[in-house]
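Take a look at the letters that make up each chain.
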Amino acid sequence: MTWITNAWYVAAWDHEVDRTPLARTLCGVPVVLYRKLDRGVVALRDACPHRMLPLSMGLREGDSIRCKYHGLKLGPDGVAQEMPLRTDPVNTAICVETFAVCERHRFVWIWIGDRDKADPALIPDLWPCSAPGWAFDGGYYPIACDYRLIIDNLMDLTHETYVHGSSIGQAELMETPITTAVEGDEVVVSRWIPDIDPPPLWRDAIKADGRVDRWQICRFLPPAAVIIDVGVAPVAAGATPECHDQGVRGFVIDVMTPQTATTSHYFWGMARNFDIDDAGFTARFKAQQGGVFMEDVAILEAQQRSIEANPDLKPRAYNIDAGGTRARRAIERLRTTDVS
Amino acid sequence: MTWITNAWYVAAWDHEVDRTPLARTLCGVPVVLYRKLDRGVVALRDACPHRMLPLSMGLREGDSIRCKYHGLKLGPDGVAQEMPLRTDPVNTAICVETFAVCERHRFVWIWIGDRDKADPALIPDLWPCSAPGWAFDGGYYPIACDYRLIIDNLMDLTHETYVHGSSIGQAELMETPITTAVEGDEVVVSRWIPDIDPPPLWRDAIKADGRVDRWQICRFLPPAAVIIDVGVAPVAAGATPECHDQGVRGFVIDVMTPQTATTSHYFWGMARNFDIDDAGFTARFKAQQGGVFMEDVAILEAQQRSIEANPDLKPRAYNIDAGGTRARRAIERLRTTDVS
Amino acid sequence: MTWITNAWYVAAWDHEVDRTPLARTLCGVPVVLYRKLDRGVVALRDACPHRMLPLSMGLREGDSIRCKYHGLKLGPDGVAQEMPLRTDPVNTAICVETFAVCERHRFVWIWIGDRDKADPALIPDLWPCSAPGWAFDGGYYPIACDYRLIIDNLMDLTHETYVHGSSIGQAELMETPITTAVEGDEVVVSRWIPDIDPPPLWRDAIKADGRVDRWQICRFLPPAAVIIDVGVAPVAAGATPECHDQGVRGFVIDVMTPQTATTSHYFWGMARNFDIDDAGFTARFKAQQGGVFMEDVAILEAQQRSIEANPDLKPRAYNIDAGGTRARRAIERLRTTDVS
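Chains as they are written, first to last, in the numbering used here: chain A, 101 to 440; chain B, 101 to 440; chain C, 101 to 440.
Some hints here could point you the wrong way.
When the alpha-carbon atoms are kept at most 20 Å apart in a straight line, the in silico SDA-like pairs for lysine to any residue are as follows [unchecked claim]:
| no. | chain 1 | residue 1 | chain 2 | residue 2 |
| --- | --- | --- | --- | --- |
| 1 | C | Lys414 | B | Ile194 |
| 2 | B | Lys173 | C | Leu273 |
| 3 | A | Lys173 | B | Glu275 |
In short, the hints are calculated from the structure, not lab data.
Make the full structure from the sequences, and use the hints.
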């Protein structure tokens, strides 16, 4: 396994989980998710304890689920409520594995490891996704690569020039130094670009001409999230790396969940503190970022294939990879000290 | 291997094998089948002993087959009759493996194991397929699951409610006790439902109103057949589990042959002792059952995938699985005492 | 590995390699090929030494190539010329593996093994492809089989009857003895058919009626080429196996390169010493031979699948396989004495 077992991972967007069962393989484990009448989320191993038919093919009855094959009915606690032959006495020793879930920051989080350790306080703090004064929306993308290649990509602020040359790249970015800092299990990679002309996207956001300060601050949060603080402020406003709410500000939210060792679920979104009620802007912003993301998908899936096709070679790390390297080191440290 | 090696398996329906070679992988072994001029069936390993091109790509000449690559000609006894270079003297030590075959009950049976043990008396007794006074027809279906999952399915009389709720399910079925009996290497699961209104299919078959007794008697015959005695008789006729030819009676014939450990050939048919000359009824009956079977295919293939996706789990058996469990036990006993 | 490592293999036709990078897996190794401004060919491992993205996705800049991911720029010697962060000092210890290449006989040859041993004098002598007075053209075909199955096929002069019965087969071929000779690491299989009516293709080529002598002389050249000397001469001209330039003569050129253990690149062409300026004849000849080749592809790929489906069996060799057997023996001898 290449991931931390005892940790919260995003299973789905809040809007993806409804009364109809949803099947998704998370950290290598087939899981079925559905909502109870009180909207609480149930997560069960997606295999009937009887003959292993996926429960996601079954029928939800009230807050329970009934297997499509022989009709074994299981409650939201995973315990048998009715036997395949209805006249048989219920054996409550029959049960399916359940997983701790928690809804927060617009996501449904799941804990695949040791359930006793599933403390909601350990959920990564993605505050811009749910804080008042911020608007947040995004999408779900499956991607055929190791989830750590996505983290490498996000913690690196230089690939924009070549991968995204036609969209968010900007010449000044290449000339500005990058700083990397480790804060406990988190890693921060920052770039502060003072006194420049804003690129079109930010010019459109700030709705004014004139020179701005621009920033990009990537923060890795274990087990597998990267949030990127981005924005611009008029030079005169005096924004600093420590305090920069003077202009327009957003957070690119990237949360990855391993599906297998070489495939991943990618949950992407954008939170912003400006024009938060402008639904049209939200939709345009999301569509634009989707296009940028597709450029990354082509690179990441080719990189995964190349790693498999060249088993005698290994990726190396240079200066620009300091952020990704330190994030991987944090994952490895937490993974190996994980007693589960 | 998960199957008994020294046993007769169905290779094909009698109408599937003709003068044109037919390729089919049976119990993991590529086989080519064709008929001689006297209509006897030839079964050879589907690989030329010379350079291994499939013989099924070759040309049948008289009762022999000639490889498409270099023209090695092999007789129906598998022995070389002509060398690739026709002027070379024939080396009769060159031969391809042949398999014992036997045509019975409308099927072509093959013995993949030790040929010396291939006694036709060991062919499972599917008498309703060929007895006078009975009509029989059916079809061939490939299915991507372990052949034993199909046996489990057929030896279980409760899945009808959930899998076939819209076709052959009936509420009374769930309320009638099931009995399981082991008779040597055979296993019998029975349900006798007295004094009910017949479901539409049987009402149509018996062509009369009024209460009936209904029965379902599943019999497993090694290595891999299940025949199900089904029907209804007017209550007044006094049918019993031992003797029930008073009304309309049929046998669902299910014969499985492993292709690989996770794929199977499924030969399905229906034999009946009423309206045996009504070709239209035969065709409607067959079409209806084909639809029921497709509901099973969806379940069985999903079950196979789930078993592979959850390697840490195992299917369990409850009361209703007594028939399948005992059939698997018989297979395992015969498999491990099989000296080949 | 089933191939000789220290040897020249064809990477591509000369016209396939241009300024745009070409990706091809050769002897199991992903390689990118492109031409410099002086038309010299560069061959690099197709994986950026930084994060392993295929360099073939990159941008050629002058004679160098820049990775599409982070912009690492590598020279045609494989050495870093510019770091991902352009302001970082260049570390010339960063480099990608380069391969020796040589352009000869209309092909680009590559040496995947130990570079120090890459002596151009070791390139197989395919002189008819580039000699004055000869015309040469052909095509590239991927084929899903072990490259040695293609050599077997080409060193065997009997399969024509069954595989190519409708095109180049001729009854007299089967009645003429074949001779096999080993000349160092080369193997020669010959057939001399005196005093026959020419088949349509050769009648068309020689543009005259009358009896001819016909020849087919297959020569295996390690590591993986077969050239076939073919043609006809009027009987009166007194052609001999040693000297037969009296009529029309051609060489079928077949050069194979392993891609993986079970897939190959096949470079096929036809050289001839008659009507060498008739471009229409060249095109018709090529189209005709392409059709013949497709008949071989069907056989060879079925043979490969059958070898995999019958792991308990092995292809055998008879008299007619003497040429292929000796060619495989030469490959095995060179392969095992190869010290790399």
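Hints and how they fare:
With a CA separation close to 13 Å, the supplied pair C:Lys414 and B:Ile194 stays within the 20 Å bound. Proposed proximity of B:Lys173 and C:Leu273 is supported: the alpha carbons are some 18 Å apart, at most 20 Å. Of the supplied pair hints, the one linking A:Lys173 and B:Glu275 holds, its CA atoms being roughly 17 Å apart against a limit of 20 Å.
No hint from the list above goes unmet by this structure.
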